[in-house]
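Could you put the whole structure together from the sequences, leaning on the hints where they help?
2 protein chains.
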Amino acid sequence: MARHKGHITIHDIAQSLQVSASTVSRALKNDKRISEATRKKVKQFAAENGYRLNVVASNLRKQRTETIGVIVPRIDRHFLATIISSIELHAHNHGYSVVITQSRESSDDEEKAVLTMFNQRVDGLLISTSLETKGEHNFDLFIKNNIPLVFFDRVPDDINLNRVVTNDRASSYKVTSRLLQNGHKKIYFVNGPTSILVFRNRLKGFKEALNDRGLEWNEQMYTECDLTLYSGRKIAEDILNRGDMPDAVYCSNDTTALCFLQVAQERGMSVPEDFSLHGFSDEPFSAVLTPKLSTVKQPGEEMGQIAVERLLELIDKKDLPPKTFVIPSVIKSRESDL
Amino acid sequence: MARHKGHITIHDIAQSLQVSASTVSRALKNDKRISEATRKKVKQFAAENGYRLNVVASNLRKQRTETIGVIVPRIDRHFLATIISSIELHAHNHGYSVVITQSRESSDDEEKAVLTMFNQRVDGLLISTSLETKGEHNFDLFIKNNIPLVFFDRVPDDINLNRVVTNDRASSYKVTSRLLQNGHKKIYFVNGPTSILVFRNRLKGFKEALNDRGLEWNEQMYTECDLTLYSGRKIAEDILNRGDMPDAVYCSNDTTALCFLQVAQERGMSVPEDFSLHGFSDEPFSAVLTPKLSTVKQPGEEMGQIAVERLLELIDKKDLPPKTFVIPSVIKSRESDL
DNA sequence: TTGTAAGCGTTATCAC
DNA sequence: GTGATAACGCTTACAA
Numbered sequence: 001m002a003r004h005k006g007h008i009t010i011h012d013i014a015q016s017l018q019v020s021a022s023t024v025s026r027a028l029k030n031d032k033r034i035s036e037a038t039r040k041k042v043k044q045f046a047a048e049n050g051y052r053l054n055v056v057a058s059n060l061r062k063q064r065t066e067t068i069g070v071i072v073p074r075i076d077r078h079f080l081a082t083i084i085s086s087i088e089l090h091a092h093n094h095g096y097s098v099v100i101t102q103s104r105e106s107s108d109d110e111e112k113a114v115l116t117m118f119n120q121r122v123d124g125l126l127i128s129t130s131l132e133t134k135g136e137h138n139f140d141l142f143i144k145n146n147i148p149l150v151f152f153d154r155v156p157d158d159i160n161l162n163r164v165v166t167n168d169r170a171s172s173y174k175v176t177s178r179l180l181q182n183g184h185k186k187i188y189f190v191n192g193p194t195s196i197l198v199f200r201n202r203l204k205g206f207k208e209a210l211n212d213r214g215l216e217w218n219e220q221m222y223t224e225c226d227l228t229l230y231s232g233r234k235i236a237e238d239i240l241n242r243g244d245m246p247d248a249v250y251c252s253n254d255t256t257a258l259c260f261l262q263v264a265q266e267r268g269m270s271v272p273e274d275f276s277l278h279g280f281s282d283e284p285f286s287a288v289l290t291p292k293l294s295t296v297k298q299p300g301e302e303m304g305q306i307a308v309e310r311l312l313e314l315i316d317k318k319d320l321p322p323k324t325f326v327i328p329s330v331i332k333s334r335e336s337d338l
Numbered sequence: 001m002a003r004h005k006g007h008i009t010i011h012d013i014a015q016s017l018q019v020s021a022s023t024v025s026r027a028l029k030n031d032k033r034i035s036e037a038t039r040k041k042v043k044q045f046a047a048e049n050g051y052r053l054n055v056v057a058s059n060l061r062k063q064r065t066e067t068i069g070v071i072v073p074r075i076d077r078h079f080l081a082t083i084i085s086s087i088e089l090h091a092h093n094h095g096y097s098v099v100i101t102q103s104r105e106s107s108d109d110e111e112k113a114v115l116t117m118f119n120q121r122v123d124g125l126l127i128s129t130s131l132e133t134k135g136e137h138n139f140d141l142f143i144k145n146n147i148p149l150v151f152f153d154r155v156p157d158d159i160n161l162n163r164v165v166t167n168d169r170a171s172s173y174k175v176t177s178r179l180l181q182n183g184h185k186k187i188y189f190v191n192g193p194t195s196i197l198v199f200r201n202r203l204k205g206f207k208e209a210l211n212d213r214g215l216e217w218n219e220q221m222y223t224e225c226d227l228t229l230y231s232g233r234k235i236a237e238d239i240l241n242r243g244d245m246p247d248a249v250y251c252s253n254d255t256t257a258l259c260f261l262q263v264a265q266e267r268g269m270s271v272p273e274d275f276s277l278h279g280f281s282d283e284p285f286s287a288v289l290t291p292k293l294s295t296v297k298q299p300g301e302e303m304g305q306i307a308v309e310r311l312l313e314l315i316d317k318k319d320l321p322p323k324t325f326v327i328p329s330v331i332k333s334r335e336s337d338l
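As given, the protein sequences belong to chains V and Y, one line each in that order.
For the first sequence, counting from 1, position 17 maps to 17 in this note's numbering; every step adds exactly one.
For the second sequence, counting from 1, position 158 maps to 158 in this note's numbering; every step adds exactly one.
Simulated from the structure, these hints should not be mistaken for lab results.
C-beta: ideal position from N, C-alpha, C; glycine also.
Errors might be hidden in some of the hints.
[Stated by the list, open to error] Cβ pair distances, simulated, as ranges:
hint, chain 1, residue 1, chain 2, residue 2, range
1, V, 62, Y, 43, 28 to 36 Å
2, Y, 93, V, 284, 27 to 35 Å
3, V, 292, Y, 170, 29 to 37 Å
4, Y, 145, V, 32, 42 to 50 Å
5, V, 273, Y, 93, 47 to 55 Å
6, Y, 170, V, 287, 28 to 36 Å
7, V, 181, Y, 229, 29 to 37 Å
8, Y, 134, V, 222, 51 to 59 Å
9, Y, 273, V, 284, 22 to 30 Å
10, V, 158, Y, 273, 53 to 61 Å
[Claimed, not checked] Each computed DSS-like pair below joins lysine-lysine, with the alpha-carbon atoms no more than 25 Å apart:
hint, chain 1, residue 1, chain 2, residue 2
11, Y, 292, V, 40
12, Y, 144, V, 43
13, V, 332, V, 317
14, V, 29, Y, 112
15, Y, 292, V, 332
And the structure:
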């Protein structure tokens, strides 16, 4: 706000026009109680003299900021960028501004971000938690003060919260079933860290699909990967070096699937001839790999929209019971898992 | 700020502790003029009672918001997401918050965003312009009021502005020279719209490289693409259907290069055997295509950091002369252009 | 239809 | 070392 100094205020307009500041304030808001003539006069003067509402002052007085805070692990991950883009679009359509902070997967940074957002008096908060976050402790400040909070994608496992998620378990079940239907018996599942709910759910879906076909869960055919390329490659190398190759590899994440594809190709194997490969998340690269990677597309735009709409609803009507929205993902069957 | 109501203020603390509000305010800021004892007492009480500074009130009083505005065409484009991520990181490291708006390539929306940002009294603005934007007219409000403004990536062609860009012309020159050195004579250049400075610069670099080797610029070997997949495919089909195939295709954008690769493969051609292919922008998919796409990696993180640092410098010292920062890109020579 | 006055929660100035 | 007071620019009862 530095150097906005000296900017014209409603008092300046009032003085010039020989009316009161409240009249100016009302006229600018098109308040019917002010005569058509005065309204016109005020608005014209304001326009001609470059008057611009000071939202900071207005916010202080109104005790609301029409701003929502967004805290995500990182902005530059495709799926999150998609959600953020959608959040920004729908928030603005409803007249809300958006303040963004990254937790960078750190629970401490996430907590600090929450405090900052509170200090800024955002009207509500949208959060996808960091990998480190345990429970909803970090968000107590908002919860205790009953300020609207909606979790999306990576959410705490607590139905007393407002959450927007996708149907990971069902999608994972479908992927696994499809692999089984295609005759694969030895399916290796490379999951993400099960400290995160989405990965626990994907694991559930996987196990259920096996169960429903009378196959038993086998510890040897399962690993967890921390989602980095480094860890993905190590796991891929490890598995593809084994004597007993899997028929299919199902990764809870396209980046890990990519590692398998690359390692396989380096070893002269081909996908899906030597083994089927299935990913999860539909990264931008997945559709253009050779072979095109089969994967699961998560509904980012829709999740962002629903999250915003729910948050605004909570800001509006104070005490709605918590609700979890489940937006279905879609299986993208391409070439890697024939 | 709704429902932050009833939250404790410095006056509540003052009353409880039988001191004045100014003492509380000072104590909380660790003002040396307040005795150690009082400071401790105040801070402890504040902590125990969950006091949280109301930044809105503080901002109004201080006439600055410690917030910077960011306006970009879209958040969900990889390169921009990278820059935004960097902006957020460095802004927060300096104690600034970040408000984001997308212009969605619309000049009108961009202008509206500028007005909103002004109303919010952001201390400065970071902008990458929309495809439609002509000149710097949209930003007059900030320019006239002398509020710091830094353009990045897509910037107006006006050296009186603060800008952070990459060396497009030199990179384009290098790419073209490399292609020529490798013996290619018929190089087809598919550029982006030259209404945008970066594309004008890439075209300049291309022409200069031809010139320096005594080759002449040939209208037939040039098209502009609007960066969409649809337009990219059409151009690729058109060119690969011609009688006289190019030796090499150089695209000002990886997405367009991808279209060429796909169309070529559909027609049974191979890259780089049938023609060399070079992109620009280093999308996440580029390194994992078959063949791996040679391209130009733009320094997004660095650009974001420099943009923030410059903006904060301008916020700090009012009247620095405008400056353009040129951060070099790096050529990623991979497999598609042997 | 318009005006008066109080107040949102801070911080800065001046005084003691 | 601390306090009183005004002001930041706006909105909103309440009055007129």
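* To do: For residue 134 of chain Y and residue 222 of chain V, compare the CB-CB distance with the range 51 to 59 Å and indicate the outcome.
  => holds, 57 Å
* Falls inside 29 to 37 Å, the C-beta gap from residue 181 of chain V to residue 229 of chain Y? -> holds, 33 Å
* For the pair residue 273 of chain Y and residue 284 of chain V, does the Cβ-Cβ distance stay inside 22 to 30 Å? -> For residue 284 of chain V against residue 273 of chain Y, whose Cβ atoms are near 26 Å apart, the range 22 to 30 Å holds.
* **Verdict for residue 62 of chain V, residue 43 of chain Y (Cβ pair) under range 28 to 36 Å** => Since residue 62 of chain V and residue 43 of chain Y have Cβ atoms about 30 Å apart, the given range 28 to 36 Å holds.
* Indicate whether the distance between the beta carbons of residue 273 of chain V and residue 93 of chain Y respects the range 47 to 55 Å. => holds, 50 Å
* Asked: Hey, residue 144 of chain Y versus residue 43 of chain V, does the alpha-carbon distance stay inside 25 Å?
  -> Status holds; Cα separation ~21 Å.
* With 53 to 61 Å as the target window, see if residue 158 of chain V and residue 273 of chain Y comply at their CB atoms. => With Cβ atoms ~57 Å apart, the hint holds.
* Asked: Taking the CB of residue 170 of chain Y and the CB of residue 287 of chain V, does the distance hold inside 28 to 36 Å?
  -> holds, 33 Å
* Does the structure keep residue 292 of chain Y and residue 332 of chain V at a Cα separation of 25 Å or less? -> Distance ~24 Å between residue 292 of chain Y and residue 332 of chain V Cα, so the pair holds.
* Range hint 27 to 35 Å: satisfied by the CB atoms of residue 93 of chain Y and residue 284 of chain V? -> The hint (27 to 35 Å, Cβ to Cβ) holds, given that residue 93 of chain Y and residue 284 of chain V are roughly 29 Å apart.
* Using the beta carbons of residue 145 of chain Y and residue 32 of chain V, state whether their distance is inside 42 to 50 Å or not. => With a Cβ separation near 33 Å, residue 145 of chain Y and residue 32 of chain V fall outside 42 to 50 Å, so the hint is violated.
* **25 Å Cα cutoff - pair residue 29 of chain V, residue 112 of chain Y** => Given pair residue 29 of chain V, residue 112 of chain Y holds - Cα atoms ~18 Å apart, limit 25 Å.
The structure fails hints 4, 11, 13 (numbered hints given earlier, in ascending order).
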